[in-house]
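Order-wise, the sequence lines are chains A and B.
Take the first sequence: its letter number 85 is residue 85 in the working numbering, and every next letter is one higher.
Take the second sequence: its letter number 308 is residue 308 in the working numbering, and every next letter is one higher.
Since the hints were derived computationally from the structure, they do not count as laboratory data.
Owing to the predicted nature of the structure, the values given are computational and were not obtained by experimental measurement.
We treat Cβ as the ideally placed atom computed from N, Cα and C, and that holds for glycine.
Hints are supplied without guarantee of correctness; some may be wrong.
Cut-off 27 Å, straight-line C-alpha distance, at most; resulting in silico cross-link-like pairs (DSS-like, lysine-lysine) [unchecked claim]:
1) B:K344 <-> A:K176
2) B:K61 <-> A:K5
3) A:K176 <-> A:K133
4) B:K160 <-> A:K133
5) A:K176 <-> A:K140
6) B:K61 <-> B:K270
7) A:K181 <-> A:K140
8) A:K140 <-> B:K344
9) B:K61 <-> B:K126
10) A:K133 <-> A:K181
11) B:K174 <-> B:K160
12) A:K181 <-> B:K61
Every beta carbon over 10 Å from chain A, so not counted as near; a handful from chain B, in silico [claimed, not checked]:
13) Y14
14) H15
15) A53
16) P55
17) A143
18) H207
19) N238
20) Y279
21) V305
22) T341
23) T348
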Amino acid sequence: MIVLKDVEFSYPGSDFRLQVPEMIVSPGATVALIGPSGSGKTTILNLIAGILVPSSGLISTNAVNLSACGDSARRAFRVQNIGLVFQEFALLEHLSVLDNILLPCRITSAIQLRQAHRDRAAELARDVGLADKLRRYVCKLSQGERQRVAICRALLLEPPLLLCDEPTGNLDPANKTQVLKILFDYVSCHNTTLLTVTHDYELLPHFDETIDCRRFHASSEATA
Amino acid sequence: MSDLLYLAWRYLVYHRVTTAVLVCSITLIVYLPAGLNRLVSESANELTARAEATPLLLGAKGSPLELVLSSLYFESDTPPSLRYAEVNRIQQSGLANAIPLYTRFQTSHSTIVGTSLDYFAFRGLKLDRGRQFDMLGECVLGARAARLAGVVPGDTVLSKPDDVFDIAGAYPLKMHVVGVLEPTGTPDDRAVFVDVNTAWVIEGLAHGHAEVNLPAERQSVVRQDGTIVSHPAVVQYNEITPENVTSFHFHGDPDSFPVTAAIALPHDEKSSTLLQGRYLGDDEVVQMVRPATVMRHLVRNVMDVQRYVLLAGILLGIATLATMALVFTLSIQLRRRELETMIKIGGTRRRVISLIATEILGVLVAGTVLAGGLVMVTSWLGSSATRLILQWV
Numbered sequence: 001m002i003v004l005k006d007v008e009f010s011y012p013g014s015d016f017r018l019q020v021p022e023m024i025v026s027p028g029a030t031v032a033l034i035g036p037s038g039s040g041k042t043t044i045l046n047l048i049a050g051i052l053v054p055s056s057g058l059i060s061t062n063a064v065n066l067s068a069c070g071d072s073a074r075r076a077f078r079v080q081n082i083g084l085v086f087q088e089f090a091l092l093e094h095l096s097v098l099d100n101i102l103l104p105c106r107i108t109s110a111i112q113l114r115q116a117h118r119d120r121a122a123e124l125a126r127d128v129g130l131a132d133k134l135r136r137y138v139c140k141l142s143q144g145e146r147q148r149v150a151i152c153r154a155l156l157l158e159p160p161l162l163l164c165d166e167p168t169g170n171l172d173p174a175n176k177t178q179v180l181k182i183l184f185d186y187v188s189c190h191n192t193t194l195l196t197v198t199h200d201y202e203l204l205p206h207f208d209e210t211i212d213c214r215r216f217h218a219s220s221e222a223t224a
Numbered sequence: 001m002s003d004l005l006y007l008a009w010r011y012l013v014y015h016r017v018t019t020a021v022l023v024c025s026i027t028l029i030v031y032l033p034a035g036l037n038r039l040v041s042e043s044a045n046e047l048t049a050r051a052e053a054t055p056l057l058l059g060a061k062g063s064p065l066e067l068v069l070s071s072l073y074f075e076s077d078t079p080p081s082l083r084y085a086e087v088n089r090i091q092q093s094g095l096a097n098a099i100p101l102y103t104r105f106q107t108s109h110s111t112i113v114g115t116s117l118d119y120f121a122f123r124g125l126k127l128d129r130g131r132q133f134d135m136l137g138e139c140v141l142g143a144r145a146a147r148l149a150g151v152v153p154g155d156t157v158l159s160k161p162d163d164v165f166d167i168a169g170a171y172p173l174k175m176h177v178v179g180v181l182e183p184t185g186t187p188d189d190r191a192v193f194v195d196v197n198t199a200w201v202i203e204g205l206a207h208g209h210a211e212v213n214l215p216a217e218r219q220s221v222v223r224q225d226g227t228i229v230s231h232p233a234v235v236q237y238n239e240i241t242p243e244n245v246t247s248f249h250f251h252g253d254p255d256s257f258p259v260t261a262a263i264a265l266p267h268d269e270k271s272s273t274l275l276q277g278r279y280l281g282d283d284e285v286v287q288m289v290r291p292a293t294v295m296r297h298l299v300r301n302v303m304d305v306q307r308y309v310l311l312a313g314i315l316l317g318i319a320t321l322a323t324m325a326l327v328f329t330l331s332i333q334l335r336r337r338e339l340e341t342m343i344k345i346g347g348t349r350r351r352v353i354s355l356i357a358t359e360i361l362g363v364l365v366a367g368t369v370l371a372g373g374l375v376m377v378t379s380w381l382g383s384s385a386t387r388l389i390l391q392w393v
């Protein structure tokens, strides 16, 4: 379960101000975060992931009070419990598909890269149709393939919580459908909680719940 | 650590052109001062070693450096000659033994060194094949000279004429190769050694021709103003063989024959000092020099030049390092999103900085190792490089 209570956050030197009186996400739920640009959708994801720290309030993820944790504890929690997918994929161009998927193991000193991870990466790549492109540089892939690599990277350590920031924002309709299917298949199989930022209102019926971030009183002018 | 090394390696391989340029820059920064230092040091050693082994050198007045380079290293232009009587003068002084050197002539590839057999004992030169020269027209080649000319004992080499348009000048002499020396790694490897008398034959001070006194050759003798001279049609030999060697003869006083230098081997330090003192007079037409002193002076000059080159190298290095720092900074700026991703998916800031440091270190290490290899190659090629420098000098 994810709980945000009386959370306040602002960026230094900015008039942006986020206030979340209460937000609760049940375990295994699929939630869409909607709202205009600048309404704080990505900020909420970063707060839940422990990347950002609120100036006040409580953020609890799977019964862990992240707002009370130190930097290293939040990072350790994120590595073990949260998978992140970004809108622009955020892949490393100089690495192959396999190395990009394995990146969380290589860049985190807390996790030792093992053969099981390699096997898992190969299995994920096979599941998303990239089995024959494991050794290929990601810059040689199409947009849809890149996003599938990014999803594989997020799922490598089998996190119970998946946070996606506009995962279909840069994709054509065919790839959008395929990526959504991959995400929802995984979520339903593993009872994973899914929070997704989206501007695409056509996708909303796929989610259990929709949260409009405009109500979190972002003080900056929201630009659609 | 191995993961960081792997990620850094993948980054450098992917950006291989940039990496290669950076590695080359580092290599140059490190190699220029280190390699130059090694090269100068090797050159100085090579230059001074041979000079240190030569106690005194007599030559015509002029540039001592030119005299030493010509007589010890068989480089530079031929210095002015001195009379052979000066060689006898050393010998007759009772203070030193003298070894004549006449280095005016060349073959296609090498300098012809007219000398005596004492030279081989003095330099510790040993025969690899064949025997020593013991007749006019015979020569012994240094190892490299033989390789360059592609000859072995039994073959012949030709001296180069002074000037092909001067029909009264020195004619080429076909010399018989009777021996090849063991390689020594010194300028002796590149020389063609002949007896000083053979050098004088090349000079035209001695010659051999068909017998003009035989009845059959009477028409070869003409009478001019009461003097009997041989006719120009008389055959002149350009090769000395056992059959015609007796017809070779010198014209003039051997004391007046030229040499370009003489190595003086004093019996002791006192004899050395006394001998040098005898050549200090203003009316002397020759000079006695200590090759070691001359070469040390040259090396000092080279070191002075090296300092300027080093300074330029350091300034260039600083400029290159500053440029590289800029390149790395810009690269980090461009990779900001990538680095943020690493931190978001669990990398600590320290680990990400370590990754970048590993990449930079990889470039530095590769450049330094490459420069080290080049310095080793420079050391290995030190002798050849020295010879090149001597040619330029």
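Hint-by-hint comparison with the structure:
no. : hint              : in the structure
1   : B:K344 <-> A:K176 : 24 Å, holds
2   : B:K61 <-> A:K5    : 103 Å, violated
3   : A:K176 <-> A:K133 : 20 Å, holds
4   : B:K160 <-> A:K133 : 71 Å, violated
5   : A:K176 <-> A:K140 : 19 Å, holds
6   : B:K61 <-> B:K270  : 24 Å, holds
7   : A:K181 <-> A:K140 : 23 Å, holds
8   : A:K140 <-> B:K344 : 24 Å, holds
9   : B:K61 <-> B:K126  : 33 Å, violated
10  : A:K133 <-> A:K181 : 20 Å, holds
11  : B:K174 <-> B:K160 : 10 Å, holds
12  : A:K181 <-> B:K61  : 99 Å, violated
13  : Y14               : 3 Å, violated
14  : H15               : 7 Å, violated
15  : A53               : 59 Å, holds
16  : P55               : 66 Å, holds
17  : A143              : 54 Å, holds
18  : H207              : 80 Å, holds
19  : N238              : 73 Å, holds
20  : Y279              : 74 Å, holds
21  : V305              : 45 Å, holds
22  : T341              : 4 Å, violated
23  : T348              : 7 Å, violated
In terms of the numbered hints stated before, the structure departs from hints 2, 4, 9, 12, 13, 14, 22, 23, listed from lowest to highest.
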